[in-house]
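Colleague: Fit chain Z to the supplied structure of chain H, relying on the hints for placement.
Keeping their order, the protein sequence lines are chains H and Z.
So in this note's numbering, the last one in the first sequence is 114, and the numbering has no gaps at all.
So in this note's numbering, the last one in the second sequence is 1111, and the numbering has no gaps at all.
Source of the hints: derived by calculation from the structure; they are not laboratory data.
Just so we're clear, the structure is a prediction, and the values are computed from it rather than from any experiment.
All residues carry an ideal CB built from backbone N, CA and C; glycine is no exception.
Do not rely on the hints blindly, as some may be mistaken.
[As the list claims (entries may be wrong)] Between beta-carbon pairs, the in silico distance windows are:
#1 Ile1080/Z with Glu53/H: 39 to 49 angstroms
#2 Glu1/H with Ser1027/Z: 28 to 38 angstroms
#3 Ser1108/Z with Ala38/H: 18 to 28 angstroms
#4 Gly1016/Z with Phe69/H: 40 to 50 angstroms
[To be verified] Counterexamples of contact, computed for chain H against chain Z with all Cβ distances above 10 angstroms:
#5 Thr14
#6 Arg22
#7 Ser24
#8 Ser27
#9 Arg51
#10 Glu53
#11 Glu54
#12 Phe64
#13 Ser65
#14 Leu67
#15 Asn77
#16 Leu83
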Amino acid sequence: ETGVTQSPTHLIKTRGQQVTLRCSSQSGHNTVSWYQQALGQGPQFIFQYYREEENGRGNFPPRFSGLQFPNYSSELNVNALELDDSALYLCASSTGGANQETQYFGPGTRLLVL
Amino acid sequence: GQQLNQSPQSMFIQEGEDVSMNCTSSSIFNTWLWYKQDPGEGPVLLIALYKAGELTSNGRLTAQFGITRKDSFLNISASIPSDVGIYFCAVRNSGNTPLVFGKGTRLSVIA
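Isolated chain H, as found in the complex (with noise of 0.2 angstroms):
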C-alpha cells in the first residue's frame, strides 16, 4: 500500500477519443510523474509536475498532456487515442528534491483503444 491511488482501474476507449486518467498524491507529495507501460516493457517516462508545472518529459507527442492541481492530485490527458496507447499508465508521486527515486506507484489504469 503506496498511498497512491488512479482511477479508473479500466477502461476501454476507441480510436480518435480522447482520454482522462485521474492519480491522487501521497500525502506531502509535491512531485508526480506519468510512465506508460506497454504490454512486456517496462515503464516509460511520460512527464513530470513539481508543484503544477511540467518540469520533465520524455519522448511523447503533445497529445499526451498533464495537469498538477494545488492539492498534488494529477491528471493525464490524451487526446486522439491510437492503437497503440494501449497500456498501463502509472502515477508516481515523491517528495522532490535530489532523491526523487523514492517513488511510490500506483496500481495503474489499464487502457485499451479498440
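Modeller: Relative to chain H, chain Z alone:
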C-alpha cells in the same frame, strides 16, 4: 536512446533455490534501482544503489552496483512463492532526471 538490457527475460525456479538476475547498459549511470511489480500493482522499490562497487542487502535480497557503473545484479536467496513477479532495474544520473527502466525479468517459483 538509453537502453537497459535485463537477463534473463524469464526464469522458473524451485522454492528454496537462489536466484540471480542482472542488468547492463552501454552508458554510465550514477544510480541503479531494483523494483518488483506484482500483477495488478505498480512497481515497488526494493533496493537503491548510489556508489560504484556498492553491495546492499534488504532481507533475502542483495544487489550490487557494478564498478564500471554500467551494470548491476540482484540476488534472491532461498526463494519463496511470494517472490513471484517481474523485477525491473532502473537507472538515472541525477535526482532531477527521469527513471529509465529495463524490460524486466519475470520470476516464477514452483512450490
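Colleague: Classify the label on phenylalanine 64/H as holds or violated, using whether its beta-carbon is more than 10 angstroms from each beta-carbon of chain Z.
Modeller: The assertion about phenylalanine 64/H holds, with a minimum of 14 angstroms to chain Z.
Colleague: Between glycine 1016/Z and phenylalanine 69/H, is the Cβ distance one that fits in 40 to 50 angstroms?
Modeller: 49 angstroms, holds
Colleague: Hey, does glutamate 54/H actually stay past 10 angstroms from chain Z on C-beta?
Modeller: 12 angstroms, holds
Colleague: Since leucine 83/H was said not to touch the interface, does its Cβ keep a gap of more than 10 angstroms from each Cβ of chain Z?
Modeller: 21 angstroms, holds
Colleague: Grab the minimum beta-carbon distance between leucine 67/H and chain Z and tell me whether it stays above 10 angstroms.
Modeller: For leucine 67/H, whose nearest Cβ neighbour in chain Z is about 19 angstroms away, the distance exceeds 10 angstroms, so it holds.
Colleague: Would arginine 22/H pass as off the interface with chain Z, using Cβ distances and a cut of 10 angstroms?
Modeller: Label holds. Min Cβ-Cβ 15 angstroms, cutoff 10 angstroms.
Colleague: Arginine 51/H: least C-beta distance to chain Z exceeds 10 angstroms?
Modeller: The claim holds: arginine 51/H sits with its nearest Cβ about 13 angstroms from chain Z, beyond 10 angstroms.
Colleague: Given the hint of 18 to 28 angstroms, check if serine 1108/Z and alanine 38/H actually sit that far apart at their C-beta atoms.
Modeller: 21 angstroms, holds
Colleague: That 39 to 49 angstroms hint for isoleucine 1080/Z and glutamate 53/H (C-beta), does it hold up?
Modeller: 44 angstroms, holds
Colleague: Since glutamate 53/H was said not to touch the interface, does its Cβ keep a gap of more than 10 angstroms from each Cβ of chain Z?
Modeller: Fine: 13 angstroms to the nearest Cβ keeps glutamate 53/H off the interface.
Colleague: Beyond 10 angstroms from every Cβ of chain Z: is that where the Cβ of threonine 14/H lies?
Modeller: 24 angstroms, holds
Colleague: Could you check that no beta carbon of chain Z comes within 10 angstroms of the beta carbon of serine 27/H?
Modeller: 17 angstroms, holds
In the structure shown, no violation is registered for any of the earlier numbered hints.
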